[in-house]
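Full structure from sequences and hints, please.
Per the numbering used here, the sequence shown starts with residue 41, numbered consecutively.
Where hints are given, some of them may not hold.
[Stated by the list, open to error] Distance windows between CB atoms, simulated: (1) F78 <-> M41: 17 to 23 Å; (2) Y54 <-> M83: 17 to 23 Å; (3) E57 <-> N86: 28 to 34 Å; (4) N86 <-> L64: 26 to 32 Å; (5) G80 <-> M41: 26 to 32 Å; (6) R56 <-> C92: 14 to 20 Å; (7) R87 <-> E58: 25 to 31 Å; (8) A91 <-> E58: 17 to 23 Å; (9) M41 <-> P79: 31 to 37 Å.
By construction, these hints were calculated from the structure, which means they are not laboratory data. We treat Cβ as the ideally placed atom computed from N, Cα and C, and that holds for glycine.
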Amino acid sequence: MVLEAAIPYRGRLYSREEGFQQLLGRCGRITVVSEEYFPGCYMRRNRYIWACSALSIKKSNFIDDSP
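Here's what the structure looks like:
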């Protein structure tokens, strides 16, 4: 199994967010779905993930408060 990062647009790769860069460093494969940002690039990335994966794990900033 390979951990793949699906990046919505190339400019996102250059984020200075430390946690993001650490996650990229742990990925065995990085796929850039679109060369440039456009309003639907995140949706295109989501469709890519859905179409290409048997198992998808998404990092989220949301906290699950359910018991």
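Which hints from the list above does the structure break, by number from lowest to highest?
-> The structure breaks hints 1, 3, 4, 6, 8; every other hint is satisfied.
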